[in-house]
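The listed protein sequences correspond, in order, to chains S and A. One point on numbering: in the numbering used here, the residue at position 164 of the first sequence is 164, and numbering is uninterrupted. One point on numbering: in the numbering used here, the residue at position 65 of the second sequence is 65, and numbering is uninterrupted.
Rather than coming from a laboratory, the hints here were simulated on the basis of the structure. Hints may contain errors.
Derived lysine to aspartate or glutamate pairs resembling EDC-like cross-links, with alpha carbons at most 20 Å apart [unchecked claim]:
hint, chain 1, residue 1, chain 2, residue 2
1, S, 245, A, 126
2, S, 245, A, 53
3, A, 62, A, 79
4, S, 245, A, 50
5, S, 245, A, 74
6, S, 245, A, 60
7, A, 62, A, 74
So you can see what is in the structure, the chains are spelled out below.
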Amino acid sequence: MLSQAIWWASIALEVVLLSRGFWTRLVRQYPVFYCYISFVLLQDLVRYLAHGQSERVYEITYWATEFLGVAMGCFVVLEIYRVALAAFPGTARMARTVLLFLFLVALGAAAANTWNDSEWLIRATALQVEFSLRTIQGVSLLALVISFLFYSIPFGRNLRGILLGYTLFVTERILILTFLPPQGHHFWFYAYSASYPVVLSLWLAHLWSYKVCPQTSNRDPEDDYGRIVATTRRRLQNARGSLRKAVGP
Amino acid sequence: MITLGALGIGFLLVSLLLLIGLKGLLTARELEQECASVQDGLEGELGIMELAERIFSPADWKLIQGQGSVELTELFRRERRAVALLWVRHTSRQIRQIIREHTEAARSSRNVDFWTELRLFGRYLELRLTCGMLYAAIQAGGPLWLRGLAMHAQELSRGIADAQATFRAATRAGYSPQG
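Work out the full structure: start from the sequences and follow the hints.
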């Protein structure tokens with residue numbers, strides 16, 4: 001009964017979120033995010049229909065849609081990166097390098113696992129694969145958030161909402177997959193299910209209307225990165241000299 | 001049992017450190033509010049460098065100690081520690097400001113180099129860590145103790161260097177301890 005209520009509440013919120021997106025034309029600004037929400041809405045309906053069929057049909061439907069959802073989520077992360085850093089090519093370059101590095105680390109770890117045990121991928125359960133993918137997604141989000149904070153990237157209310165909601169959702173999913181038993185309708189199962197409407201409400205609150213993103217890029221017409229670095233180096237060197245004077249005999 | 005004992009000692013040490021840190025933080029914050037106007041005048045990085053030399057110099061300390069008054073010595077020690085803590089906080093804030101200005105300028109540049117940024121970030125972390133350690137050391141023993149410690153370390157290293165030089169010279173001359 002409670003599961004049904006959460007399910008319908010989520011569907012209703014997704015419909016409202018999509019309607020508002022079309023109404024405020026935020027769909028044009030964040031097309032991938034709204035595609036993702038449309039997909040989740042469709043996924044809910046398909047899963048609901050599959051639930052009425054056999055358990056096997058539901059299981060197959062669940063995992064097929066779940067993995068598609070993870071893939072769509074990766075595109076949402078890329079959209080956050082694209083929109084937030086459009087006016088900041090320096091940070092975009094840094095974030096790209098960090099994301100590439102993370103991707104190579106993940107690929108390296110998978111290759112090492114395959115080298116040690118060639119059948120691990122066959123033996124791995126769908127839950128384990130999802131956990132690995134969600135972890136990569138979580139780490140990528142973390143790297144992006146750190147880059148945004150380090151370079152003081154200004155956010156509009158809309159983008160902040162998308163980032164906040166999706167990070168919350170991925171974090172919850174990682175925690176659930178790490179600590180909770182995969183089967184059974186216990187308290188934490190309901191707590192997790194109920195948190196999804198909370199994420200949707202967060203998105204709805206932040207994306208209710210279009211807010212201009214305050215991207216004040218102070219681009220130097222000469223773009224002399226060498227000069228910027230030299231100035232920072234000199235100033236840090238001064239600070240170091242000052243600290244050395246404090247303890248130096 | 002040993003593990004529990006070690007855990008207890010560790011806990012005590014951490015608590016003590018936290019207490020020291022918190023006390024210093026509160027003192028420095030109070031002073032920071034009081035001396036806000038003074039700080040405004042110290043914005044120049046070179047000015048703050050000269051100030052460091054003065055705060056940690058033993059000259060004033062020797063002068064006060066020469067007066068022979070215990071109360072005056074204690075008051076001077078307290079005041080000097082507070083000023084030194086304030087100076088560390090100010091320097092730390094200045095380092096933060098430097099890196100903030102750098103990131104604000106670099107984020108829009110198309111030529112950002114990943115490794116250069118990483119090195120600058122490393123240097124920034126190193127300086128912040130130095131500030132943290134300096135803060136803890138001043139909190140624990142005062143600014144002059146810190147300088148004394150550094151001098152002692154330098155003397156020790158000089159002694160080792162001298163011993164090494166003597167040993168090298170002796171080896172070159174063909175001398176061996178066995179005769």
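Here is how each hint holds up against the structure:
For the given pair, residue 245 of chain S sits about 16 Å from residue 126 of chain A by alpha-carbon distance, which is consistent with the 20 Å threshold. In summary, the hint linking residue 245 of chain S to residue 53 of chain A is supported, as the alpha carbons are separated by about 6 Å, within the 20 Å threshold. A hinted pair counts as satisfied when its Cα atoms are at most 20 Å apart, and residue 62 of chain A with residue 79 of chain A qualifies at roughly 15 Å. Annotation: proposed proximity of residue 245 of chain S to residue 50 of chain A holds, straight-line Cα distance about 9 Å (limit 20 Å).
Proposed proximity of residue 245 of chain S and residue 74 of chain A is contradicted: the alpha carbons are some 24 Å apart, above 20 Å. A hinted pair counts as satisfied when its Cα atoms are at most 20 Å apart, and residue 245 of chain S with residue 60 of chain A qualifies at roughly 16 Å. In summary, the hint linking residue 62 of chain A to residue 74 of chain A is supported, as the alpha carbons are separated by about 13 Å, within the 20 Å threshold.
Checked against the numbered hints above, the structure breaks only hint 5 and satisfies the rest.
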